[in-house]
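K.L.:
Sequence:
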Amino acid sequence: MSRGSALVLSVLITAISTIALLSFVLFFSLFLCGMERVVYEKKGISFTLDLVNRFLSGRNFGNTPPLKLYLACVCLLLTFLFIPMGTLPQFFSTDFDVLVIIFLFATAQSFFIRGMRSFSEEIYQTLDKNEVSALSRFITAYILTGGTVAWYVLSRGIPGNIFSFDALTATPLGSVMGTSGCIGFACLFILLAICSPCRRTESITVYYNVPLPEMFDALRSTLCPAIATAVFLSYNPAVYFGLYGWRMFMVGFAYYWFQVFMMQIFIFPLIWRCYQRAKSLLPERYDHAIIVTLAALGVCGLMMDLYV
1 MSRGSALVLS VLITAISTIA LLSFVLFFSL FLCGMERVVY EKKGISFTLD
51 LVNRFLSGRN FGNTPPLKLY LACVCLLLTF LFIPMGTLPQ FFSTDFDVLV
101 IIFLFATAQS FFIRGMRSFS EEIYQTLDKN EVSALSRFIT AYILTGGTVA
151 WYVLSRGIPG NIFSFDALTA TPLGSVMGTS GCIGFACLFI LLAICSPCRR
201 TESITVYYNV PLPEMFDALR STLCPAIATA VFLSYNPAVY FGLYGWRMFM
251 VGFAYYWFQV FMMQIFIFPL IWRCYQRAKS LLPERYDHAI IVTLAALGVC
301 GLMMDLYV
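Just so we're aligned: 59 in the numbering used here is position 59 of the sequence shown, and the numbers increase by one with no gaps anywhere.
Don't take each hint at face value.
Pair ranges (Cβ atoms, derived) [unchecked claim]: (1) Leu88 <-> Pro66: 30 to 36 Å; (2) Met304 <-> Leu22: 36 to 42 Å; (3) Arg285 <-> Arg137: 28 to 34 Å; (4) Met304 <-> Cys274: 46 to 52 Å; (5) Thr94 <-> Ile13: 29 to 35 Å; (6) Thr18 <-> Gln125: 34 to 40 Å; (7) Ala106 <-> Ala278: 40 to 46 Å; (8) Gln125 <-> Leu154: 43 to 49 Å; (9) Thr94 <-> Gly178: 30 to 36 Å; (10) Tyr235 <-> Met304: 20 to 26 Å; (11) Gly174 <-> Phe96: 23 to 29 Å; (12) Phe27 <-> Gly160: 27 to 33 Å; (13) Tyr235 <-> Val39: 24 to 30 Å.
Think of the hints as simulated: they come from the structure by calculation, not from any bench.
We put the beta carbon where it would ideally sit given N, CA and C, even for glycine.
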């Protein structure tokens, strides 16, 4: 086979693999979106595939939405190419995956807000301040968590580039931490769960009749659970069963998405409800006290594990 033919074949295989992975992520995110309605709105089990069916039937795009909404969904989909899934490395690995994800998420959120404004003024008006501030809330928590964990990895001498997910997920960090480090690690996990740009039950049906924005919402809801699972729960049960080769990768991939499922449907909503209940006990001027406390405990816990 000539070098040119080999290059064409390689590009073709990469393109097919990329489309297959992104299709899986899209359909799984839509499935999780339906599961949220089943669990929290007590809908019938058929709603788990509601958005998937509308997507496959071509009824998901509403009435000629602007290009910005399409671009918003594409940008969110591309972020999943830089997240390691179980024992599989990132589909595209760079020396600055952490920064690439920030850029893609910020771009997606910008396209979404501008697209919604030109698509439907009525729906745009329903976007509450929490929706509009989802960008800054998530990115701030993400940068704080990523920066702290990256410094911990660098100080521990764990190999890899600190701005790449390879270094953050190659070694289960909980296994090398002391008590204070584990407490700080747990606080950062809770912080990400609270700041996750996911759907809240009180606005879960805002986009029901406009499924393309809801597709964006579904993808965005899955993003933080996917990142948290990769960083905080990098254990692979295939090692326990002594599996190697393609079996190890298959089991690791399936287990990873099972963890994402549990995170998004049960764990993150539980943490959010506990946070809301705790916040309601505080005076209004201390609205952000819990988030600030968690951030401080997370940073201090990992630094104490390094230097005390």
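K.L.:
If a hint holds in the structure, say so; if it doesn't, say that too.
P.N.:
Hints and how they fare:
no., hint, result
1, Leu88 <-> Pro66: 30 to 36 Å, "35 Å, holds"
2, Met304 <-> Leu22: 36 to 42 Å, "41 Å, holds"
3, Arg285 <-> Arg137: 28 to 34 Å, "19 Å, violated"
4, Met304 <-> Cys274: 46 to 52 Å, "25 Å, violated"
5, Thr94 <-> Ile13: 29 to 35 Å, "20 Å, violated"
6, Thr18 <-> Gln125: 34 to 40 Å, "37 Å, holds"
7, Ala106 <-> Ala278: 40 to 46 Å, "29 Å, violated"
8, Gln125 <-> Leu154: 43 to 49 Å, "46 Å, holds"
9, Thr94 <-> Gly178: 30 to 36 Å, "32 Å, holds"
10, Tyr235 <-> Met304: 20 to 26 Å, "24 Å, holds"
11, Gly174 <-> Phe96: 23 to 29 Å, "25 Å, holds"
12, Phe27 <-> Gly160: 27 to 33 Å, "31 Å, holds"
13, Tyr235 <-> Val39: 24 to 30 Å, "25 Å, holds"
Hints 3, 4, 5 and 7 from the earlier list are contradicted by this structure; the remaining hints agree with it.
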